[in-house]
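Enquirer: If you're matching them up, the sequences are chains A and B in order.
Going by our numbering, the final residue of the first sequence carries number 112, and the count climbs one at a time with no gaps.
Going by our numbering, the final residue of the second sequence carries number 107, and the count climbs one at a time with no gaps.
FYI, nobody ran anything at the bench for these hints, they're computed from the structure.
Hints are supplied without guarantee of correctness; some may be wrong.
[To be verified] Computed beta-carbon distance windows for the label pairs: (1) B:Ser24 with A:Thr13: 39 to 45 Å; (2) A:Ala80 with B:Ala59: 24 to 30 Å; (3) B:Gln38 with A:Leu20: 41 to 47 Å; (4) A:Pro6 with B:Met55: 27 to 33 Å; (5) A:Ser16 with B:Ser37: 24 to 30 Å; (6) A:Thr18 with B:Asn9: 41 to 47 Å.
Note that this is a predicted model, so its numbers are computed, not measured.
Don't be surprised by glycine CBs; every beta carbon is placed ideally from N, CA and C.
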Amino acid sequence: NAGVTQTPKFRVLKTGQSMTLLCAQDMNHEYMYWYRQDPGMGLRLIHYSVGEGTTAKGEVPDGYNVSRLKKQNFLLGLESAAPSQTSVYFCASSYSSGAGQPQHFGDGTRLSIL
Amino acid sequence: DAKTTQPNSMESNEEEPVHLPCNHSTISGTDYIHWYRQLPSQGPEYVIHGLTSNVNNRMASLAIAEDRKSSTLILHRATLRDAAVYYCILRASGGYQKVTFGIGTKLQVIP
């Protein structure tokens, strides 16, 4: 059972470089999310999508862009990486936005910006 | 969003039951109570959720107070694999509501 798959698992970037994190889900879920997790701060929502072709801002969207061209994929882009974006990034998906619906998470991408 | 309060850490002996508490005194009538856990170097994993009644599944049980201002996640027999950070989260009904993860409770299981 693949569930939510994130690539890459680890990455080191230099300040100013760009990169794209890929999230793929095989559960036919409508909703997808990108979070970042930093020590002592819990998970914070970056961007989310309520369906193919749609995206919306979360709590901490600055410095990131996203795209959802296919229902199963949700891409997170860093156009010009900064050390403050060093974090662990998690992607999640859910069937709907209903309060009783759980979110399913990937195992994360550990990103270091030097 | 209504907030939850959990102890920062707890310890349990292996093969004994574990009761993880969560206070949510400002919960509204339509808020669901969700529990997730996060094992080291992994993403959060859904454990269980409920609205008013106690719930059981293969992973755990959820006991919800009659006034819904607190809940308890029960692991019936802790194993070393249950060592993780456990998050208690409230999710409101109506429209899109983001999931807000706090700091959670770090559970240590002692062999």
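Enquirer: Next step is simple, just say for each hint if it's right about the structure.
Expert: To see whether the hints hold, each was checked on the structure:
1. Take Ser24 of chain B and Thr13 of chain A: their Cβ atoms lie about 44 Å apart, and the range 39 to 45 Å holds.
2. For the pair Ala80 of chain A and Ala59 of chain B, the beta carbons lie near 45 Å from each other, so the given range of 24 to 30 Å is not met.
3. Here the CB-CB span from Gln38 of chain B to Leu20 of chain A is close to 18 Å, at odds with the stated 41 to 47 Å.
4. One distance hint, 27 to 33 Å for the beta-carbon pair Pro6 of chain A and Met55 of chain B, holds here, with the actual separation near 30 Å.
5. Roughly 26 Å separates the CB atoms of Ser16 of chain A and Ser37 of chain B, a value that falls within the hinted 24 to 30 Å.
6. Remark: the range hint 41 to 47 Å for Thr18 of chain A to Asn9 of chain B is upheld by a beta-carbon distance near 46 Å.
Checked against the numbered hints above, the structure breaks hints 2 and 3 and satisfies the rest.
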